[in-house]
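Protein sequences appear in the order of chains A and B.
In terms of this note's numbering, the first sequence opens at residue 64 and continues consecutively.
In terms of this note's numbering, the second sequence opens at residue 64 and continues consecutively.
There's no promise every hint is true.
Because identical chains cannot be distinguished in the list, a pair is counted as satisfied if it fits within a single copy or across any two copies.
As the list claims (entries may be wrong) - Okay, derived cross-link-like pairs now, SDA-like style, lysine to any residue, Cα gap no bigger than 25 angstroms in a straight line:
(1) K524 x L387
(2) K477 x D541
(3) K488 x S371
(4) K362 x G338
(5) K718 x E532
(6) K524 x N628
(7) K147 x L306
(8) K242 x Y738
(9) K432 x G338
(10) K153 x A429
(11) K524 x L706
(12) K662 x D474
(13) K373 x D106
(14) K519 x A323
(15) K524 x E386
(16) K519 x E386
(17) K302 x D246
(18) K524 x G629
If you are wondering where the hints come from, they were derived from the structure by calculation, not from laboratory data.
2 protein chains.
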Amino acid sequence: MKHFLTLALLLSLSAANADEGMWLYNQPPRALLRQNHKFDATDAWLEHLQKSSVRFNSGGSGSFVSEEGLLISNHHVGADALQKLSTKEKNYLREGFYARNQRQELKCFDLELNVLESIEDVTPRVNAALPAKADVDTAFAARRKIIAEIEKESLAKTGLRSDVVTLWQGGAYHLYCYKRYTDVRLVFAPEQQIAFFGGDPDNFEFPRYDLDICLFRAYENGKPVKVKHFLRFSPEGVKDGELVFVSGHPGKTSRLLTVAELENIRDQALPFRLGSLKQREVLLSNWSTRSEENARRAKKVLFGIQNSRKAFDGRLAGLLDPELFSSKVRAEDKFKQSLHNSSNSREMGAINAYATIEEATKVLSAQYKRYVMLEEAQAFNCESFQIARALLRAGEEFPKANGDRLREFFDSSKTSLELALFSGKPIYTDLEIVALADSLTFFVAEFGANNALVRKVLAGKSPRERAAELINTTKVRDVKLRKELYEKGAQAVSAAKDPMIELARLVDADARALRTVYDDQNEAKQQAHAAIARSRNALRGTNGYPDATGTLRLSFGVVKGYEENGKQVPALTSIGGIFARSAEMNNESPFNLPGSWEKAKPRLNLQTPFNFVSTCDIIGGNSGSPVVNREGEFVGIIFDGNLQSLPWDYAFSDKQGRATSVSSAAIFESIKNIYGAEALARELMKAPSGK
Amino acid sequence: MKHFLTLALLLSLSAANADEGMWLYNQPPRALLRQNHKFDATDAWLEHLQKSSVRFNSGGSGSFVSEEGLLISNHHVGADALQKLSTKEKNYLREGFYARNQRQELKCFDLELNVLESIEDVTPRVNAALPAKADVDTAFAARRKIIAEIEKESLAKTGLRSDVVTLWQGGAYHLYCYKRYTDVRLVFAPEQQIAFFGGDPDNFEFPRYDLDICLFRAYENGKPVKVKHFLRFSPEGVKDGELVFVSGHPGKTSRLLTVAELENIRDQALPFRLGSLKQREVLLSNWSTRSEENARRAKKVLFGIQNSRKAFDGRLAGLLDPELFSSKVRAEDKFKQSLHNSSNSREMGAINAYATIEEATKVLSAQYKRYVMLEEAQAFNCESFQIARALLRAGEEFPKANGDRLREFFDSSKTSLELALFSGKPIYTDLEIVALADSLTFFVAEFGANNALVRKVLAGKSPRERAAELINTTKVRDVKLRKELYEKGAQAVSAAKDPMIELARLVDADARALRTVYDDQNEAKQQAHAAIARSRNALRGTNGYPDATGTLRLSFGVVKGYEENGKQVPALTSIGGIFARSAEMNNESPFNLPGSWEKAKPRLNLQTPFNFVSTCDIIGGNSGSPVVNREGEFVGIIFDGNLQSLPWDYAFSDKQGRATSVSSAAIFESIKNIYGAEALARELMKAPSGK
């Protein structure tokens, strides 16, 4: 941790007591909380928060807020489910939804939720399985095998979803066991206009006025689940200066990467991703303006692209900020110096680990674009290709021994794989063609039209013609056929001669070869990072937190404004503020208010807190995370970070960076006084039974 | 020509009588017109059309339509002038403008118009000036010198703007002399909503309903000019199947490029340009949504970007169409074979020219991105940098002998250079910062943050900080200071220590070196293309047309619909159609009608032809070109081509490709019955004096 506090200090004048950290639930920051906030995080307090927290496998976080399995997340997390449930006639994503009773609740397509039940450190067992002095290829295979074994064993024993998580970039391996929910129903969503008020222009900005919420209910055996752990809902929300906690699933940070790895992200990965995102944004923005139905079909994907684009622009700006980057360089130099000065040969040896990482980064960098195009399939950017490849590879992988398969085909991954593969969600032919034609064009631009693989893929046609032909003739959008091919296996998949599956086959040798390069080089990097982690622990102690890994973490901080361009930005906005903001922007899209809000204005308490910022350490994936107070009550929900928080991917600073939340007060006020959702309001306020 | 007819035949079933060609006024297609259309293009008819045609040096075409110097072009050509005249309070670009009398006409900033007076073939003189067996560097310098000499001589003799134009990629050099107008005043513009109805989504589509017009008046000595040649305005417009002519300034086509050059455009230049355009489109779209004033400030630039992006996407699709590309390959192979079969040693030698072009293309390709970034200054994409560089280079170039200067500093270019440099047009600090920060980020992404030049440019700051610093501290936006530095020369420019000028200086050695590579390799290509042209003329005759060069050309064709997705698209739309189209799109932007149109609907003749398509051969730069009938009457104005016309950059086909125009009937109807511009309507209908 010290290493990072030092770094934070360089970045921020007020960082001495920085509330930094995405902490592991099995290594919570008790001492820090006691020291900085006089707060005692008891086992019971932690367990309750952990088991009230929910992971959305579509990407995002949430929490239980009633005993009856009611759970809350963001509208933009629920958007995936809302989009899949919507039709031309019923656009829930845009218009919102409210189930007045449980019969009206709508079952979502392929939505999987996870609740973390237990964590076990399996590092010794994972590392013991590696033969001494194995080359990276052998080491990778051995590590994959032991991980598959541990997961399968745990699944058999507990019935829980069991994932071995790589922490500290390879420094530790923990087994996470989750209760899994796959029958999830939509309860309430406001209009997208209010959930995403201010749209892309106000995204990552503050002050904000977004009711970015969506409520679901978890079912089992056709009935709402009774949950033991859920958060008590506070209708008051937070106050300025208050200590708050965030429990959620930050997706990925890069704070422990070496300078060589960060340079590669800055000079290659981020610019390439941004180029591709902007290409797709232009395509879908334009396609969306051609008709209302186009706009509806592309909505969720376009939002995701714009959101990523803005986040990546902010991250790149972070890495191009010499203050941030040079502090990274200085910190690494200093740590290398301390390794060098160490009398311990292991510590001195860790210096070589930096060279190993740099070397592996170079190898990966040389293959980067090919990897993204072929193995990540950005050359074939459509749902049909994803399905076709899954069918092709399922046929090839499942006959292998569990531990020899590609990771997504482990026995422990089967339930999730099938949930996604057999989803009956709508897939739109026109959007598929447009997206595939564009990505094939991008593919040709990157590889050149004379490239042998490009020629094979295009089969003598233009990208547009080829895309139309593939999408119009493939049958993989038929769920029944998918099931049949999946169950019958490789021979049936082959016999089907489906053009999209055959395309997936055509590029699969190349794609798998790239995957092997990636797996091997990442194994080399993991071993090197593990060596660095061991030396860091030896020299600086073990009380830190690893980079985010899409698993449950605890953050804490205070509700607090910040200074921007010489002006103080207050920590909280109010419901009254949205009417002023809308008027200021001439009530024009995306600053126009839904009719429900215009109508309800006279009966609203305009002083009600709406959104607020805090110093809690978050990143993408934390969206929908509950914000709780000392008493563990639900006082808000994370939905964004400000622009200044975007470089948090690489280094935390609370000088200006802030996490942005909807206050529970605004949620309660709007549910009751705008949407007239009385039953929902009652359920939120209901005390746990027996209390 | 035969070469191209063959090619067109491969591309199109109906191309046997294709009305292909952007013909030189001094080599008009008399025989073709007689043969295909029984039309006799007399000298008088041609001279009248030539001298009624106007070039907009901001990019585009137009024509005189009254004896009083009234001239018409597109709204999107006039947009540059409209944007510069607009303020936060008076947004002429959006709201439109009408001067009820000449006193109300608004003088445009830095708008230069040219009317072609004469053409002279100076090829022998240009080629004679080259020393025998000179290397390309010497050849380039000698050619530049003789061109400067010819232009200067002509300017002194005639007082006319004198440009030596390179035709046939180097096969011929013609001296074009223009009457120049620099006092141009705005007379009438409709609302942008109707000029660009359907916006980006309908751009390059058909059916269309755009009143894409803008009227100006040319002045001299403070009075409207009396012009001898102007087009009589037809209030009836065109009929389906009618023969029509287009007289305008197509900017650039690439039909005579070799396969090696086209491959380079397909695999490198277009993808790179598109990436950069899409990056800027995302930036400015987003910035525009943040406030109405932002949107106003960025409007013209954003339109230009979106227009280019859609055009380039279409061109790339054309080059990725194997039918088009393989026909190019076959045609080149066939021609090479005929060279090979020739008994003439010169023809056989021309085969080497292809290798020379391929070699030069490779050299250019290796430097392409650096050239675009540094010499085209895409790394420093803001007005302030353009001004700073012009001041820097003016100081360095003018002391040199005329023929030794960079071409834009020839004595013959001085008037245009100064008109642009001393323009009092508004430049917005906030937009400048945003644009520069984005392009500096693009620069870093392309070169890498550790690149020595990047480090010097950023001076230890992030792109955002550096952009803000440069824009906030430079003084080049002060016109008075510009004039002073320009007049005092290099020493004063140096003494000013202006940070933006110093940035231009910092990169100038690299930029000039790249310019030299480009000039030399293009000289090599010109010589090779000249050799190919000579052999082509020898083997196939001289009756063709060269690629477009931004100079006056004559096209012809017929008003004609086309088939698309199995349906017939009629050649004409009507005024009634726009109300139906708007309703179909829920009257939502960009398909909403201005109030003036809604109000006028009851008194409009809904049958009036609105837009129409024809088979006339056009390309970007033709926007605003008059469409005339056999009688030479103004019957419409070019404003677009359909999507299928976008590959015309490389090969013409009238199978589906069409030029799109506004009918003069719709212009007359709307001016009279929507805008109540009675005086303007009267002026348009006024016969030439003495008739």
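Hints, verified against the model:
1. K524 x L387: Result: close only across copies, 11 angstroms inter versus 48 angstroms intra.
2. K477 x D541: For K477 and D541, only the intra-copy Cα distance (20 angstroms) is at most 25 angstroms; the inter-copy one is 68 angstroms.
3. K488 x S371: within (23 angstroms within a copy, 37 angstroms between copies)
4. K362 x G338: Both: 20 angstroms inside a chain and 23 angstroms across chains, each within 25 angstroms.
5. K718 x E532: Classified as between; 22 angstroms across copies, 54 angstroms inside a copy.
6. K524 x N628: Between copies, since 18 angstroms is at most 25 angstroms while 54 angstroms is not.
7. K147 x L306: Neither, since 38 angstroms and 53 angstroms both go past 25 angstroms.
8. K242 x Y738: neither (32 angstroms within a copy, 69 angstroms between copies)
9. K432 x G338: Result: close both inside a copy and across copies, 12 angstroms intra and 15 angstroms inter.
10. K153 x A429: neither (47 angstroms within a copy, 54 angstroms between copies)
11. K524 x L706: between (44 angstroms within a copy, 18 angstroms between copies)
12. K662 x D474: neither (53 angstroms within a copy, 68 angstroms between copies)
13. K373 x D106: Neither way: K373 and D106 sit 39 angstroms apart in one copy and 60 angstroms across, limit 25 angstroms.
14. K519 x A323: Between. Shortest inter-copy distance 21 angstroms satisfies the 25 angstroms Cα cut-off; intra-copy 36 angstroms does not.
15. K524 x E386: between (50 angstroms within a copy, 8 angstroms between copies)
16. K519 x E386: between (47 angstroms within a copy, 16 angstroms between copies)
17. K302 x D246: The answer is neither: 36 angstroms in one copy and 64 angstroms across copies each exceed 25 angstroms.
18. K524 x G629: Only across copies: K524 and G629 sit 20 angstroms apart there, 58 angstroms inside one copy, limit 25 angstroms.
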